[in-house]
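*Asks:* Spelled out from the first residue to the last, the chains are:
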Amino acid sequence: MARCRVTAEEAGTRTLVVWCPDWSVLASEPEPAAPVIVVRANRVVAASMAARAAGVEVGLRRRAAQRRCPSVEVVDHDPGRDARAFEPVASSLDAVTPGVEVTRPGTLAFATRGPSRYFGGDDSLAERVAWMVSGALGGRWPVRVGIADGAFGALLAAQAAHRRGAASVVVAPGEAAAFLAPHPVVTVLEALDVPGEVDVWRRLGLRTLRQMAELPRGDVAARFGNPGVAAHRLASGLDLRPLAARHPVPDLAVTQDLDPAVDRVDRAAFAAKALADRLHARLADDGLACTSVLVEARTEHGEVLARQWRHEGALSASALADRIRWQLDGWLTGSGATRPTAGVNRLALVPVEVVAARGRQLGFWGGETLVDERIWRAVVRLQGQLGAEAVTVPEVRGGRSPGERVVRVPAATVDLTEKRPAARVESITEPWPGQVPAPAPATVFADPEPVLVADARGEPVTVSGRTEVSAPPVTLTVAGRRPVRLTAWAGPWPVDERWWDPARHRRRARFQVVDQEGAAHLLAVEAGRWWREATYD
Amino acid sequence: MAVPAPDLAALRELGERVRPLSAAAERVLPVPPAFAGLIPQGGLVRGSTVVTSGSAASSLALALAGPATAAGSWCAVVGAAHLGLLAAAELGVALERTLLIADPGPQEWAGTVAALLDAVEVVVVQPTGSITPTVQRRLVARARDRGSVLLQAGGCSEVWASRPDLAVDSGASRWEGVGVGHGRLRARRVEVRISGRRGAARPRSAELWLPGPEGQIALAAPAHPGAGAGDRPAALAAPAWRDAG
Numbered sequence: 001m002a003r004c005r006v007t008a009e010e011a012g013t014r015t016l017v018v019w020c021p022d023w024s025v026l027a028s029e030p031e032p033a034a035p036v037i038v039v040r041a042n043r044v045v046a047a048s049m050a051a052r053a054a055g056v057e058v059g060l061r062r063r064a065a066q067r068r069c070p071s072v073e074v075v076d077h078d079p080g081r082d083a084r085a086f087e088p089v090a091s092s093l094d095a096v097t098p099g100v101e102v103t104r105p106g107t108l109a110f111a112t113r114g115p116s117r118y119f120g121g122d123d124s125l126a127e128r129v130a131w132m133v134s135g136a137l138g139g140r141w142p143v144r145v146g147i148a149d150g151a152f153g154a155l156l157a158a159q160a161a162h163r164r165g166a167a168s169v170v171v172a173p174g175e176a177a178a179f180l181a182p183h184p185v186v187t188v189l190e191a192l193d194v195p196g197e198v199d200v201w202r203r204l205g206l207r208t209l210r211q212m213a214e215l216p217r218g219d220v221a222a223r224f225g226n227p228g229v230a231a232h233r234l235a236s237g238l239d240l241r242p243l244a245a246r247h248p249v250p251d252l253a254v255t256q257d258l259d260p261a262v263d264r265v266d267r268a269a270f271a272a273k274a275l276a277d278r279l280h281a282r283l284a285d286d287g288l289a290c291t292s293v294l295v296e297a298r299t300e301h302g303e304v305l306a307r308q309w310r311h312e313g314a315l316s317a318s319a320l321a322d323r324i325r326w327q328l329d330g331w332l333t334g335s336g337a338t339r340p341t342a343g344v345n346r347l348a349l350v351p352v353e354v355v356a357a358r359g360r361q362l363g364f365w366g367g368e369t370l371v372d373e374r375i376w377r378a379v380v381r382l383q384g385q386l387g388a389e390a391v392t393v394p395e396v397r398g399g400r401s402p403g404e405r406v407v408r409v410p411a412a413t414v415d416l417t418e419k420r421p422a423a424r425v426e427s428i429t430e431p432w433p434g435q436v437p438a439p440a441p442a443t444v445f446a447d448p449e450p451v452l453v454a455d456a457r458g459e460p461v462t463v464s465g466r467t468e469v470s471a472p473p474v475t476l477t478v479a480g481r482r483p484v485r486l487t488a489w490a491g492p493w494p495v496d497e498r499w500w501d502p503a504r505h506r507r508r509a510r511f512q513v514v515d516q517e518g519a520a521h522l523l524a525v526e527a528g529r530w531w532r533e534a535t536y537d
Numbered sequence: 001m002a003v004p005a006p007d008l009a010a011l012r013e014l015g016e017r018v019r020p021l022s023a024a025a026e027r028v029l030p031v032p033p034a035f036a037g038l039i040p041q042g043g044l045v046r047g048s049t050v051v052t053s054g055s056a057a058s059s060l061a062l063a064l065a066g067p068a069t070a071a072g073s074w075c076a077v078v079g080a081a082h083l084g085l086l087a088a089a090e091l092g093v094a095l096e097r098t099l100l101i102a103d104p105g106p107q108e109w110a111g112t113v114a115a116l117l118d119a120v121e122v123v124v125v126q127p128t129g130s131i132t133p134t135v136q137r138r139l140v141a142r143a144r145d146r147g148s149v150l151l152q153a154g155g156c157s158e159v160w161a162s163r164p165d166l167a168v169d170s171g172a173s174r175w176e177g178v179g180v181g182h183g184r185l186r187a188r189r190v191e192v193r194i195s196g197r198r199g200a201a202r203p204r205s206a207e208l209w210l211p212g213p214e215g216q217i218a219l220a221a222p223a224h225p226g227a228g229a230g231d232r233p234a235a236l237a238a239p240a241w242r243d244a245g
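Heads up: the protein sequence lines correspond to chains A and B, in order. All residue numbers for the first sequence refer to the working numbering, where the first residue is 1 and numbers rise by one. All residue numbers for the second sequence refer to the working numbering, where the first residue is 1 and numbers rise by one.
Don't read these hints as lab results, they were simulated from the structure. Possibly wrong hints are sitting among the right ones.
[Claimed, not checked] As a list, the in silico SDA-like pairs of lysine to any residue whose alpha-carbon atoms are at most 25 Å apart:
1) K419(A) x R408(A)
2) K419(A) x V194(A)
3) K419(A) x A71(B)
4) K419(A) x E190(A)
5) K419(A) x A70(B)
6) K419(A) x P79(A)
7) K419(A) x L219(B)
8) K419(A) x D78(A)
9) K419(A) x P433(A)
10) K419(A) x E404(A)
11) K419(A) x D118(B)
12) K419(A) x P227(A)
13) K419(A) x D76(A)
14) K419(A) x E90(B)
15) K419(A) x V75(A)
Given only the sequences and the hints, what does the whole structure look like? Please build it.
*Replies:* In structure tokens, the structure reads:
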């Protein structure tokens, strides 16, 4: 048996994790008890309790989720909103410990050594923290607390508490490996971003963390390299990198004076990006990458705000910039208690934990990211000038009419530096019966225009319930213009949408028509009224 | 033995001197092959202004922007809330490299377009008001400097104070596949006429499939110079407008 024995000094740091399940849903401020899903790139990333009760799961396609729960409200994923809403939660624990680290919006962690002794043991600390965070959220949302050796074990303990319906689960010291053993190997995705390897392990028959931990570490390293070793450490109940992580010398910190002081988030984003680039370049010069960073802001009135962010993989420059922006957003637009009384005039980034930079794949032509620096700059500038919602990117959705099939998603909510399969037409594979066939119209009216369609006698053309046309359409009149003669027409194509929902049920029939000037239009008739939905120009 | 440090400034200057001004292929953005024969330079000249008009104005603009985005360039659309994005994808525009900017309003329009010309290769606009000579000069200078193309999709070409570099006009569309009460729109033939300044001073026209029965953009009838022109190649024709910039 090659299982490693965990020695006392190697065991993971005893950590408490607060986990708010489906945080993105809460951050979107839903109606209580309403079914809500949060969607990113057409996949469900979080679902409210009511939606889960209806059978919606994380990872489902949007359309499948809507089929299972037709009344569900769909909210686009916005990491900035999540982070903004989480800041009050993080600051509610400042009375317990100064070392609160936000892992991601909805999850925070801190070392229990001091607080646990002060509050009389792990159990009473867990109870107290759950009570405090729950109070910060106004009792509207479940809060789960887990304590174990190592942040990974503590997170799984918090999730186990959620499954059991308990407020907290405390794993006794030294028991982390035994606690982790029965968990499926997929759970390492909570801490490591290695979906490809996890898939291979699963297919090789490594289904639980126990099976992973029982393999000799050297063999895992030989076959799977870095990600394998990291997963093996997690499965054995060890911290991800207590050996490699070292506390950096203080001069790695970068600061930036802001003159005039910044009190708007869009302006702060510029400073954040520049600062993140500087820190990243400085660390890269030393061959280092940052896994935990302290964001510190000083205001004109001398207040100092600080919050630590952690990322299990190394933070890239743009990931760093995002976290600074979220944090400033949380401070500057937060509630009265945490909000500074003046603008921020100094920003500092202090790397708290660094590791050797390795395993980062550079682009073939030397570029690190797909998106050019210039484009990022232009996007941020226009967001500041015209508002964050003014800059959007297209994303492909399922749907029947041409306008439904491509939607505009705020650029702030997507990562332009990554490949976005959701922006490709091929990403929709399921058929949509009743879809308007290609070619698509080059002009699609956001609000369809009312038009008149008449037959040879000048009577309005109607379509019966059995989709029979009263007479061939002969003229088309667009408001404010002379009637034009139609030379060709095709249809009607009936569309019966959302028949299960009385409020949003629509029954329409579509026509394609070509007028005497050769222009083609997509018309729709609904309840006896005609609309021009699009023009093929 | 210490090697004397190279004089970096002098080396850099030498490098500038021996560098070719720019390769011909770098100066144009690719266009669909059907258009390449109609435009004297074989593509959209970087730094130029292009206007599409006629019955297929939007489709023409999207078709011209498509190959550049497919080759890795970014494209931005300012205003133009009605532009059909699905049609854009079908005509070859890579939606993952497309930015959409809400209508900035007349006050911010010039600044927005200038910022985008700085960042992306193709900026698609639909100006609503007229553009003053000062603003046009500024935008053209910015486009030349950054090597980007300003592409107006439809609307009136008269909004520009001085004539754009390339005008792509379309005659009447002829739709195929749709009859009287049957069929559906499948393909369109459209007469495209390209004229402009410099090499494109003499108009050329051709009948194109936009799109064809299989969704392709192709020549339906061969290119020929505009009516009344002789056999002289268009490149030799005397330019009717001199380049003001």
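*Asks:* Each hint should be assessed against the structure and marked as holding or not.
*Replies:* Quick rundown of the hints versus the structure:
Straight-line distance between C-alpha atoms of K419(A) and R408(A) comes to about 17 Å, which keeps the hinted pair within the 25 Å bound. Annotation: proposed proximity of K419(A) to V194(A) holds, straight-line Cα distance about 17 Å (limit 25 Å). Between K419(A) and A71(B), the direct Cα distance comes to roughly 15 Å. Compliance with the 25 Å bound is thereby established for this hinted pair. Using a Cα cut-off of 25 Å, the hinted pair K419(A) and E190(A) holds, with the two alpha carbons roughly 22 Å apart.
The suggested pairing of K419(A) with A70(B) holds, with an alpha-carbon distance near 14 Å, which does not exceed 25 Å. At roughly 18 Å between alpha-carbon atoms, K419(A) and P79(A) fall within 25 Å of each other, so this suggested pair holds. For the given pair, K419(A) sits about 34 Å from L219(B) by alpha-carbon distance, which is inconsistent with the 25 Å threshold. For the suggested pair K419(A) and D78(A), the alpha carbons sit about 18 Å apart, so the restraint of at most 25 Å is met.
The suggested pairing of K419(A) with P433(A) is violated, with an alpha-carbon distance near 29 Å, which exceeds 25 Å. Taking the CA atoms of K419(A) and E404(A), the gap is near 22 Å; set against the 25 Å cutoff, the hint holds. Distance restraint check for K419(A) and D118(B): the Cα-Cα separation of roughly 23 Å lies within the 25 Å cut-off, and the hinted pair is therefore satisfied. Proximity of K419(A) to P227(A) is assessed by CA-CA distance (about 22 Å); at most 25 Å being required, the pair is judged to hold.
For a cut-off of 25 Å, the pair hint linking K419(A) to D76(A) stands: about 18 Å separates their Cα positions. Our distance criterion of 25 Å between C-alpha atoms is met by K419(A) and E90(B), whose separation comes to about 20 Å. Restraint check for K419(A) and V75(A): the C-alpha separation of about 22 Å stays at or below 25 Å, so the hint holds.
Hint check: violations occur at hints 7, 9; the rest are consistent with the structure.
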